[in-house]
Amino acid sequence: MRYSAFKVIWNGLGGNRGWKPVWRNPQPRSRYDVIIIGGGGHGLATAYYLAKKYGVTNVAVLERGYLGGGNVGRNTTVVRANYMLDGNSQFYSHSLKLWETLAQELNYNVMLSQRGCLMLAHSDGQMDAMARRGNMIHMQGDDAELWEAATVRRHLPYLDFDNARFPIRGGLMQWRAGTARHDAVAWGFARGADRLGVDLIQNCAVTGFHIRNGRVLGVETTRGTIAADKVGMTVAGRSSEVGQMAGLRLPIESHVLQAFVTEGLKPLIDTVVSFGMGHFYISQSDKGGLVYGGDLDGYNSYAQRGNLPMVEHVAEAGMALMPMLGKARMLRSWGGIMDMTMDGSPIIDKTPIEGLYFNGGWCYGGFKAVPGSGDVFAHLIATGRSHEVAEKYRIDRFQTGDLIDEEGTGATPNLH
Amino acid sequence: MRINCPLCGARDSREFHYRGSAKLIDRPLPEQGRAAMFDYVYIRDNPAGVTRELWHHRNGCRAWLVVARDTTSHKILSVELAADRGRVRS
Ligand SMILES: Cc1cc2nc3c(=O)[nH]c(=O)nc-3n(C[C@H](O)[C@H](O)[C@H](O)COP(=O)(O)OP(=O)(O)OC[C@H]3O[C@@H](n4cnc5c(N)ncnc54)[C@H](O)[C@@H]3O)c2cc1C
Ligand SMILES: [Zn+2]
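From first to last, the protein sequence lines stand for chains A and B.
If you use my numbering, the first sequence closes out at 416, no skipped numbers anywhere.
If you use my numbering, the second sequence closes out at 506, no skipped numbers anywhere.
Hints are supplied without guarantee of correctness; some may be wrong.
[To be verified] Cross-link-like lysine to aspartate or glutamate pairs, in silico, DMTMM-like; alpha carbons within 25 angstroms at most:
| no. | chain 1 | residue 1 | chain 2 | residue 2 |
| --- | --- | --- | --- | --- |
| 1 | A | LYS392 | B | ASP455 |
| 2 | B | LYS439 | A | ASP160 |
| 3 | A | LYS392 | A | ASP143 |
| 4 | A | LYS350 | B | ASP455 |
| 5 | B | LYS491 | A | GLU241 |
[Stated by the list, open to error] Derived coverage of chain A by chain B (criterion: at least 3 residues anywhere in the stretch with Cβ under 8 angstroms from a Cβ of chain B; other residues may be distant):
| no. | stretch |
| --- | --- |
| 6 | 230-241 |
| 7 | 297-307 |
| 8 | 349-362 |
| 9 | 382-394 |
For the record, the hints were derived by calculation from the structure and aren't laboratory data.
These numbers come from a predicted model, not from an experiment.
Glycine is no exception: its CB is placed at the ideal position from the N, C-alpha and C atoms.
If we strip away everything but chain B, and leave its shape as in the complex, we get (with noise of 0.2 angstroms):
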């Protein structure tokens, strides 16, 4: 797998480190409650075919990415930096 980081380029898998679902991204604030909380922490979609998740190009640029990645097949669909998507939400 070779993942096209915004910064860097095309890069071997190798180098980043894989954390999971994007959804980590939206961690519950506290007023939320537990459920929210727990499901957060725990559950997880993990869909057979289009996932959304984050990588870390580690022994790159260091920054965080939200690739979305075929489970399937492990084609990867987009690549965008994390950093754009939480400013999108906030």
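Next comes chain A alone, as it looks inside the complex (with noise of 0.2 angstroms):
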């Protein structure tokens, strides 16, 4: 069924007894010309558009729990191409673009809300690295506004100008960057797959590989063995663990990241605030809820949640930045396991085993990747090569030493 108002008011005029469920519940076929291995953001962006731009619909996306369970729903959904380090650049700003017109290519509301990303800075040093950031965004073709602190002020007076440890000096605003809704996203583009004749098998987790003469014949699931000439891997904080079982030893470790939302409040933050040096971003959400986190745990942990001491240090990072944060009352908050790569940046590439495709280390920031990565993972995979904008993240680059480390922090994953 196509979406449409009209259909919204005929349904409503019914009762809402005429919508029917969005994707079907197959079978596992014996054998596919394509597997791809996790359901979440980008394994389902995968499977459409390579349904939709290849005309690869003998697909399957084999999904261990259910479908856009894992980070894709855990997120705090912020979308933006503020990135400044070449590979970084161009994959985030063709991410973006392709966000700008998702939700008619899927039909489907994603509820992009474009409502601008500030950066906060905080000295003048880092008021430079705000402008040089600014001019590589533009360079990309990408929009970026220097703001001074009056500026700001005028926008946001509610923050904290005058802290004491981190006075705001002004900041780097990107118009176009903003929120969406997660879920959303992955069920548009689980519907989009499914119409297309992608089978979405849930409960469905892959056990082991079958590789011949370094060559993947298939995969085995607990839902018996599959058979597929390629296979693609998007399982994001369980990259090390999927990996290994095909033999690939990953520059990847798996943390956790909290994020928190208040109860419902009144219309009052109309943009995405991002205090770095406090380690704190915030937005309110369209329920009115106030969305922010802070950093990782950080220590390797796979138990999608997280503990107190980030709890305490978030709320404080948020009270110094926005003291009226202090009357919010906070009604839940969670944790989702990260990919974090060694350079922090991530992974689309083969790998050594012909037919295998590798797609991950997104670290906490692959929800704005997901058409981006969605695109060319399906480029990959059904050309052989990697597309124009993703052809930095590759797999060897750690050995190469043409790392792409946009926080300058090296070989410490709790740190990017």
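Make one complex out of these two single chains by using the hints.
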């Protein structure tokens, strides 16, 4: 069914009994042209673009839990393209452009809200760094505005400008950045892929690979053996675990990142504010909850939950930036497993095993990447060549020294 | 999380700095070649389950510890002095 305003009104008049489930729940077949492991944002987007752009429709997405139950449904939904380094810059620019037409492309309201994202600066040196970053963003063809403190004050009068440790000197604003509805992105791609013939198979964990003479022949799953010519991995926080099943040893650590939401409040914060020095960022959801987060807890974890020291730290940072936050009550907190690479940038590449492709290492920035990553991963799987905006995301860059270390922190995944 | 430091007793994890996999104790020698050094710097086993890792009791006795911990539950299974581990090796 195609969605439209007319359909909404029509079904509303009929007591909303006319809606149908948006995807099938098929039994796995014994063979596919392409298997995608992991039904998060990246896996679903890859399957969609494989079918849509390359006509590869004999595809299965194997998800061990339910679609969208991983990080794609746990993130704080910030979408932006304010990266600086060659490699990241062109990729995130490409992804943001896809975001801007995604709702039309999928015929599904992903609720992209380009409300802007402001990165705060607290010293002259940081203002210089922001100016440089802004220039690089312009050279990439995206937007950035350098704001003085007075401009920040006009837009966000409630920040603590005269904080003793981190007085606000200005910031870098990207207006085309913003937020989107995370679940809708997963569901929109899932529905789109299903409609093009892709089998979305839930409760189906991959437990091993069939590899012969360096070539992948298929996968072993909790629902039986499934053969395939090509297999793509998009398992995010589980990359090392699944990679190991194929004998891959990866430059990745899994860490927990927490996020928080307050009770619903009247409209208060109309943009995304990131307070890098305090390790804090915040926006307000359409339901009114203040959605905020901070840093990784800092130790390897697969637990999908964090500990209290980080809860306290994030609350303190929030209070330092926005003292009024102290009046809001925190409603929920949760955690997700982040696939942190050794340079903080993702990997989208072939592997040494013929027919096995790897997509992962998204760290905590992979939501904004969903359409871009799906597009370029589908390109890689279908054509065997890297898409031009992703050719720096090589799996061997750690050997060759072509790292993309946006934060400049070296091989310390918990600091990226 | 509380970490039972062999020298100070059970302390809040906030007193400790996390360094990562305990494989970092075994720094390869130059004659072991580039591949060994590459593996040491960049590759991690990253198990979902029990892992051995380095924690530094920064706000305590400043000893480096080797902690065995389950990454799926955050449960700490054992804590020993990294210095002892180093001596066993050499
Ligand atoms: C708290 C938090 C806040 C974040 N905030 C932002 C943000 O503001 N902006 C941003 O850009 N990014 C953000 N991120 C990062 C972003 O959510 C992730 O990088 C991105 O969602 C990862 O890709 P994915 O959607 O494919 O992952 P997932 O949704 O995790 O998908 C991976 C899937 O693989 C499945 N899987 C794993 N192992 C197997 C197996 N053996 N067999 C079958 N299936 C398997 C999992 O069940 C899972 O569903 C945040 C993340 C968290 C946790
Ligand atoms: Zn101690």
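Hints, one by one, checked against the model:
no.: 1; hint: A:LYS392 - B:ASP455; verdict: 21 angstroms, holds
no.: 2; hint: B:LYS439 - A:ASP160; verdict: 44 angstroms, violated
no.: 3; hint: A:LYS392 - A:ASP143; verdict: 23 angstroms, holds
no.: 4; hint: A:LYS350 - B:ASP455; verdict: 20 angstroms, holds
no.: 5; hint: B:LYS491 - A:GLU241; verdict: 19 angstroms, holds
no.: 6; hint: 230-241; verdict: holds (count 3)
no.: 7; hint: 297-307; verdict: holds (count 7)
no.: 8; hint: 349-362; verdict: violated (count 0)
no.: 9; hint: 382-394; verdict: violated (count 0)
Comparing the model with each earlier hint shows violations of hints 2, 8 and 9; every other hint is respected.
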